[in-house]
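Participant: If you're matching them up, the sequences are chains A and B in order.
At position 91 of the first sequence (counting the first as 1) the number is 91 in my numbering, and the numbers step up by one without a gap.
At position 76 of the second sequence (counting the first as 1) the number is 76 in my numbering, and the numbers step up by one without a gap.
Wrong hints could be hidden among the right ones.
[To be verified] With a straight-line Cα cutoff of 27 Å, these simulated DSSO-like cross-link-like pairs (lysine-lysine) come out:
hint, chain 1, residue 1, chain 2, residue 2
1, A, 34, B, 9
2, A, 38, B, 54
3, A, 129, B, 9
4, B, 134, A, 129
5, B, 132, A, 38
6, A, 38, B, 134
7, B, 54, B, 90
8, A, 34, B, 132
9, A, 129, B, 54
What the hints contain is simulated information worked out from the structure, not anything from laboratory work.
Take a look at the letters that make up each chain.
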Amino acid sequence: MKIRRKKRDPGGIPTASMSDVAFLLLIFFLTTTKFDIKQGLGLVLPPPAEEGAQRVRVREDNIARVLINREGRVAVNDEEMSYLAMENRIRQMLGQNPDLVVSLRTDRRSKYYHMIDALDRLRAAGAEKISLSTN
Amino acid sequence: MPKLQAKSKPETIIPTASMSDIAFLLLIFFMVSTVFVKERGLRVTMPEARSIEKVPRRNAATVYVDRSGMISIDDFIVDIPTVRDIMIRKLYDDFNTIVSFRTDRMTDYGLMADIMDQLREANALRVAFEAKQKR
């Protein structure tokens, strides 16, 4: 009797769906990736006032006082104006006096975005010496 | 009369063998660039600003402040007097720490002033106010 030899299976791994797997993973990472870019307005705070430290006095005419009240209205040197006018005024003042220090005084009950808006406009006007304070 | 040979049409085949290579390449890119969010933070609507710059992520310590006045650092709800100690510890770990504020636009400014006083006491003087790009 003839014994039939069993045919050997060549044993290949199907690679046709390899790209399907790859694309599936790709889509997963595409959708979960969130580029967490931090961007904002940078500022350096003054060091804490120490006992006996010498106070630096700034000449009165080198200071521009910007006030924001609790309704978010802005005034430069006690003159109320719009945010856009404030930016232009500061730019003009900086043109006359490059050493100008801008003192941004915000009411405690004022909203945060008013202060950010003002700070943004001061930056846009080219002010670099900005001091923050509140009442 | 010579026999006219029918021009054999060239078969158009798009090679798909390297399809998975492309997929894997993209996959590896997204796997490497994916940062799973470590911090849950608080739900905030950030203010908008124009003159914004990038904040280096490496040194950034994010402080979340929401509109109800809750402060969250490293997913811990903290109160104002604790901020100083946390920042002293953070500065000890990394001298170049930049405190990056993610504050809701409707937060009262007084709270921010109090936090900044704490930062000054801790000598964490580099801050950034995160904002979205205004269009």
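Participant: Run every hint past the structure and note whether it holds.
Facilitator: Hint check results:
1. A:34 to B:9: 48 Å, violated
2. A:38 to B:54: 6 Å, holds
3. A:129 to B:9: 75 Å, violated
4. B:134 to A:129: 23 Å, holds
5. B:132 to A:38: At roughly 9 Å apart (the allowed maximum being 27 Å), residue 38 of chain A and residue 132 of chain B satisfy the hint.
6. A:38 to B:134: 15 Å, holds
7. B:54 to B:90: 21 Å, holds
8. A:34 to B:132: 15 Å, holds
9. A:129 to B:54: 20 Å, holds
Of the numbered hints stated above, those contradicted by the structure are hints 1 and 3, listed in ascending order.
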